[in-house]
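Respectively, the protein sequence lines represent chains X, B, R and U. Residue numbers for the first sequence follow this note's numbering, beginning at 1 and rising by one. Residue numbers for the second sequence follow this note's numbering, beginning at 1 and rising by one. Residue numbers for the third sequence follow this note's numbering, beginning at 1 and rising by one. Residue numbers for the fourth sequence follow this note's numbering, beginning at 1 and rising by one.
No lab work stands behind these hints: they were computed from the structure. Any given hint could be a false lead.
[Claimed, not checked] Listed next, the in silico DSS-like pairs over lysine-lysine satisfying Cα-Cα at most 30 Å (straight line):
id, chain 1, residue 1, chain 2, residue 2
1, X, K103, R, K118
2, X, K336, B, K34
3, R, K92, X, K38
4, B, K34, X, K8
5, X, K322, B, K30
6, B, K34, X, K285
7, R, K7, R, K65
8, B, K38, X, K285
9, X, K30, X, K103
10, R, K166, X, K149
11, X, K132, X, K149
12, X, K34, B, K285
13, U, K7, B, K38
14, X, K322, B, K34
15, R, K118, X, K132
16, B, K336, X, K19
17, B, K38, U, K92
18, X, K19, X, K6
All values derive from a computational prediction rather than experimental measurement.
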Amino acid sequence: MVNIRKPKKLINNRMDVAKEQFEGLIAANKNTLKALPKITAAIRNDMPAQKVAILTGGGSGHEPLFAGYVGQGLADAAALGDIFAAPAPNVILQTTEAIDTGKGVIYIYGNYAGDNMNFDIASELADDDDIKTHTIRVWDDVASAPLDKIEERRGVAGDLYVLKIAGAASEKYDDFDEIVAVTERARDNTRSIGVALSAGSVPQTNTFTFQLPDDEMEIGMGLHGEPGVSREKMQPADAVVDTLINHIIEDFKYQSGDEVCLLINNLGASTYMELLIASRRAHQKLEELGILVHDTLVGNYCTSQEMSGYSITLLKLDDEIKQLYNQPCNSFALRK
Amino acid sequence: MVNIRKPKKLINNRMDVAKEQFEGLIAANKNTLKALPKITAAIRNDMPAQKVAILTGGGSGHEPLFAGYVGQGLADAAALGDIFAAPAPNVILQTTEAIDTGKGVIYIYGNYAGDNMNFDIASELADDDDIKTHTIRVWDDVASAPLDKIEERRGVAGDLYVLKIAGAASEKYDDFDEIVAVTERARDNTRSIGVALSAGSVPQTNTFTFQLPDDEMEIGMGLHGEPGVSREKMQPADAVVDTLINHIIEDFKYQSGDEVCLLINNLGASTYMELLIASRRAHQKLEELGILVHDTLVGNYCTSQEMSGYSITLLKLDDEIKQLYNQPCNSFALRK
Amino acid sequence: MNASQLKLTMAFVAREMVASEPLLTKADQVIGDGDHGIGMERGFNAVIELLDDNYQAEDVSVLMKDIGTTMMSTMGGASGAIFGTLFRAGAKQIKGAQNLDTETFHHFLAAGLAGVYKRGGAKPGDKTMIDALVAAVDYSKDLSGALENNIEDIAVIAQQGLEATKDMIATTGKAKTLGERSLGHPDPGAISMALIIAFMSQHINQQVAVA
Amino acid sequence: MNASQLKLTMAFVAREMVASEPLLTKADQVIGDGDHGIGMERGFNAVIELLDDNYQAEDVSVLMKDIGTTMMSTMGGASGAIFGTLFRAGAKQIKGAQNLDTETFHHFLAAGLAGVYKRGGAKPGDKTMIDALVAAVDYSKDLSGALENNIEDIAVIAQQGLEATKDMIATTGKAKTLGERSLGHPDPGAISMALIIAFMSQHINQQVAVA
Ligand SMILES: Nc1ncnc2c1ncn2[C@@H]1O[C@H](COP(=O)(O)OP(=O)(O)O)[C@@H](O)[C@H]1O
Ligand SMILES: Nc1ncnc2c1ncn2[C@@H]1O[C@H](COP(=O)(O)OP(=O)(O)O)[C@@H](O)[C@H]1O
Ligand SMILES: [Mg+2]
Ligand SMILES: [Mg+2]
Ligand SMILES: [Mg+2]
Ligand SMILES: [Mg+2]
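Pulled out of the complex, with its shape left as it was, chain X reads as follows (with noise of 0.2 Å):
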């Protein structure tokens, strides 16, 4: 044991912690999102009559993902688990119907075994009631999976470029199909890879998911604290960043002249500081290589609890990809 520290939070009852935060996440946000009836579930207020729906959702403890994006341009409804725990399918189905306008709903979350189940059944249980939905894993973690084993890789902070065009999709075609398929090519073009200084924890067993040393760092580490692909000696910002950004571009081929987005996201307690270091060699190491920014986003866009660290995400563009991407959004954690 490097570390035996205990978390220290401000909470209630530590049973109650994904509850709870919801109900605080709705109240400051009574105006734009409204939770479906004793389910951790959140819907937009301002739900067309007649579109295709955006279905997001996943365990809890990742805030502001998922319910910090429903909203206009974005997901329709959140359905929410417990901390690290995917939502179950009554939660999911329950949502599903509630935002299903007669267009079928398209079901967006990363790729992990439980997700997977709980919202394959969900979308089974549809399937009875005659909604139709689609499933858009998203796979954009680098660190977890080989590229010929893509579909086995884990969903980071991808989840909210693949949302951002799902949603924009989705309020300007009207096919199913259409949005579909510009929404998995943007969830093809995501990549993303993260490094870990210190642990998240699991507020209902106080305590952290892993152990780290005071000098080392970990490359790869995943949200819930699974392992990276490297254990290093801490470096400074700028040669981790370019570590980062090297192995999302031995994954995915750029060319020069490429547009990209770019997303700076902290897994927790980093500082605003270190992001924006980030941010800075990031930008150097792009133009370096020819890849132009078309948008930064820096800060908490998916979090694993108080893990200090940050994930890199490049979205890289096409012409329809971003316009979609320029349209704008509103949401608690997200607008444009």
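Assemble chains B, R and U with the ligands onto chain X, guided by the hints.
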């Protein structure tokens, strides 16, 4: 010594952190912000040809404050110092000159000896240049001095609300004094208090600003580790939120039916989970008090490096302030 | 055993599983994300609520199905889907059964296993609850008679299936990227699977002793 | 001493102040926000750059003013404004002086003190650099002659002014809310003030010894 851990951060040269993070901010916002030559000051790209200008600033280390609030409907520029150090007078002066359109510049910043002196010197220098300035110091931290010495209080997250109102007023009104009047009223209507669970650090010296035992928290802790009003054993989140709100309502006379904006601000390393659980209780408590919440912000708005804990801010609205609050704004850290 | 006897047994299992939370939590902390104990606690607490004094099932299949539905709708996570599927798919196979004898229990487990295969796509050897379950299914295939005569042996075999997961490298779920580092540690879901059968055995044997 | 001698002395002071960063940092960590050492390091590093081989000042007043302007424009924070004001306001008072003798130095310090009063509004006893400065001003009022004859004594007195801040309760700046808890600890800015005079004394005495 309760805690002998060292801060663990991804930076490069520790003397360059303020400069490098500033460069990272500019890189991430090149469509909306530009840096002034050689100094750490950011100004809007889309500065109107004619308007009373709003200038904010202060020490670095509180990101996304201050430069994160430069943009349409907010500040027109931010002049930044090194970590926890007010900007030098020439930095402020150069920024003042860059944004003055002939209609004068309003300085808005947190009330600290260093900021007061440096901004005052700048304002005297601006006066030499025949640029009209007016200074509004934000002193929202109820924990830092008694009400009858309000002008000795520290400025904390309330800066954000004062900037929001000033920015909106400076777009809507042409008259310098009218803008000053409503902004000062917003300042006078703003109250904050925080709770810290662990310390932030000064990156250049690589040390924490204070020590707290693992089972204690400090109510009223300042943004640079200034002592608060009481050090207490850890308590359930709801009790802590009640304590914070009680401090505020003892200081400011709210009437049942009053409308407020509510800000739950992360001091740095707290999780969204904790912030949202605080949001839940704050809404409950304000409802019990008959205070109506017009809008809620929850997130990292004014931080103290990796300090863990949060602050609560209330801005009491009147018709004019509410209208101004509702105007759109667009900056790195706040969009409406 | 009939539905009302099975109700008592399953209520006992539920209480014991809730009490096993720390053990399961520890196991998932080592090779997973640390939430398996909390998930099982949540699911079996809901089962305890389900099986309250007013609850009466027509037959053992309805009882097992209700348990499965309860777990599936309250747990979430991989184990909510997996154990929910186990109980629901198993119950469907033994529809109408008034008595849970060894054959019926075997059919329940075998159909449950098939459901789990279909749901999650994992195979024996992948270091999941399947490894404890498949051992129980294979062993119980050739048994017959009253469950009280066999449940203890089935539990022992499931335990062996669980022990075997220590020598496996995880290829699914959150332990996957651990690779070889998952060696030496049992799979948390397999522990749950073995415990469920072990607690059934413990309760059934107590009942026999009392009778 | 003339401007070129004073340049050597102030360059020495600058180097020694940069080397004092850890001491000043520690002091500000105890009762402030921990950045005073870094601020002085930044300011005096800029002074070192200013006083490079090409630098030549017309007179001692211009030299002191340039130092003040450099500190004011590079340091930021309370101490940038305060020490910048000290040097600039002091220099203004001794405009045209070719020689820094004891009277001139006293006028420099006294005018600097007045500038600091005006800028920050603090008084003696408020636990700031003023407490070291005011001691030096009061003591040097009645002295005259070459600075090398008096600077050591002035430095000792400034040091006593600094020591006295240990018994004061902070009423300004970031130490204010510490209240009584600031007792027993010296004020970081007062340490800087005393050190600047002490390093001047050290260098001037060395020069005298060499000559
Ligand atoms: N595809 C699968 N088939 C069978 N069991 C599985 C599968 N995926 C995961 N499991 C079981 O689920 C257990 C983990 O459950 P839990 O911790 O609740 O889920 P999560 O991985 O979502 O945190 C694993 O130990 C394993 O036994
Ligand atoms: N009003 C004032 N008058 C004189 N000196 C002051 C005043 N305010 C602060 N100081 C001095 O500045 C020192 C702190 O400097 P520094 O740490 O750089 O500033 P900050 O408080 O902005 O972090 C204090 O120790 C004190 O000596
Ligand atoms: Mg989980
Ligand atoms: Mg400071
Ligand atoms: Mg788990
Ligand atoms: Mg200081």
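message: Run the distance test for K38(B) versus K285(X): straight-line Cα separation, threshold 30 Å.
response: Given that 30 Å is the threshold and the Cα spacing comes to 22 Å, the pair holds.
field: Agreement of K132(X) and K149(X) with the hint, judged by alpha carbon distance not exceeding 30 Å
entry: Holds, at roughly 28 Å.
message: Tell me if the straight-line CA distance from K7(U) to K38(B) falls inside 30 Å.
response: At roughly 27 Å apart (the allowed maximum being 30 Å), K38(B) and K7(U) satisfy the hint.
task: Take a quick look at whether K7(R) and K65(R) sit within 30 Å of each other, Cα to Cα.
output: holds (12 Å)
- prompt: Within 30 Å, alpha carbon to alpha carbon, are K34(B) and K8(X)?
  reply: violated (39 Å)
- prompt: Straight-line Cα separation of K166(R) and K149(X) no greater than 30 Å?
  reply: Between K166(R) and K149(X) the Cα gap is close to 25 Å, so the pair holds against 30 Å.
message: Does K92(U) sit within 30 Å of K38(B), going by the straight-line distance between their CA atoms?
response: holds (28 Å)
- request: Compare the distance between the alpha carbons of K336(X) and K34(B) with 30 Å, and conclude whether the hinted pair is satisfied.
  value: This hinted pair holds, its Cα atoms lying about 20 Å apart.
message: Between the alpha carbons of K19(X) and K6(X), is the straight-line distance 30 Å or under?
response: With Cα atoms ~23 Å apart, K19(X) and K6(X) stay inside 30 Å; holds.
field: Hint consistency between K34(X) and K285(B) [alpha-carbon to alpha-carbon, up to 30 Å]
entry: holds (20 Å)
message: For K92(R) and K38(X), compute the direct alpha-carbon distance and say whether it is at most 30 Å.
response: holds (28 Å)
30 Å limit on alpha-carbon distance, applied to hinted pair K322(X) and K30(B): holds (17 Å)
The structure fails to meet hint 4 from the earlier list, while all remaining hints are met.
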